[in-house]
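Add chain B to chain A, keeping to what the hints say.
There are 2 protein chains.
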Amino acid sequence: MLKNIDHIGIAVHSLENVKTFFLNIFGISPEFEETVAEQQVKVIGYRVGESNIEFLQPISQMSPISKYLEKRGEGLHHIAVAVEDLESVLASLKSKEIPLIDETPRTGAEGKKIAFVHPKGLFGILLELSQKNEKSNHSSQS
Amino acid sequence: MLKNIDHIGIAVHSLENVKTFFLNIFGISPEFEETVAEQQVKVIGYRVGESNIEFLQPISQMSPISKYLEKRGEGLHHIAVAVEDLESVLASLKSKEIPLIDETPRTGAEGKKIAFVHPKGLFGILLELSQKNEKSNHSSQS
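Protein chains in written order, with our numbering: chain A, 1 to 142; chain B, 1 to 142.
Extracted from the complex, chain A is given alone in its bound form (with noise of 0.2 Å):
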């Protein structure tokens, strides 16, 4: 039911930051770069395994990563694991009163299905599942 972490997300100050520091360190760039606006963040992430580390900062005091700088300084954010049925974790999470951001789910990066669980009824952990959506396949589009 779990497949594997799709992402860890890490809220930061600054890309530019991070960006220096991974070259620096491991001689490695991102391998990619995107502003996600419905958040009011840029993104970069880095390959590690079959997971991203994604480092987020945010764009506009409107974003949820800038309110958590505020509050917590930068760190950890929140882990994404892939699902192989987003709808049924859904459902078995709301039968078993587990507070969920997102009820149903929503479109994420790369087209993927994702839904957010609320941290209380999760060990204090901001948890995104996301499912490959197997309809999208951008490369039949062209």
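Don't take each hint at face value.
Identical chains blur together in the list; that is why a pair holds if it fits in one copy or across any two.
Said to hold, decoys possible - Straight-line C-alpha distance at most 27 Å; calculated DSS-like pairs for lysine-lysine:
1) 120 <-> 96
2) 96 <-> 112
3) 132 <-> 3
4) 19 <-> 94
5) 120 <-> 19
6) 96 <-> 71
None of these hints come from the bench; they were simulated from the model.
Only chain B this time, still in chain A's reference frame:
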């Protein structure tokens, strides 16, 4: 240089609550359960893809996890990344004046060589680096 996410460590008050949760929601039991006396914690781990999700419960007030729980409550505590050559990564970090908790590797669970990097030099992330000890082969000891 960075091979894969070895595990994600999560600080909790009660492993029993975690076990109940995982069994009820995902129908799974922990892959392993052990006590790490040096850190004064009990640990359970669930396999997710090539990584483990590990939960840590303090067994005394001396545990660093006990202090963490008092200060920040339950939640994401550290990430561990597997590397090929721990000594060379530590030397590289040291040469760049990144503060290390362990300047030389020590032995962790499963005979692995491990070392912790201080969060203040690493975007608030408590990072454990680990390297499989090629010389350790438990099955050949029988």
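Comparing the hints with the structure gives:
| no. | hint | result |
| --- | --- | --- |
| 1 | 120 <-> 96 | within (14 Å within a copy, 39 Å between copies) |
| 2 | 96 <-> 112 | within (25 Å within a copy, 38 Å between copies) |
| 3 | 132 <-> 3 | both (11 Å within a copy, 23 Å between copies) |
| 4 | 19 <-> 94 | between (39 Å within a copy, 18 Å between copies) |
| 5 | 120 <-> 19 | between (32 Å within a copy, 17 Å between copies) |
| 6 | 96 <-> 71 | neither (30 Å within a copy, 29 Å between copies) |
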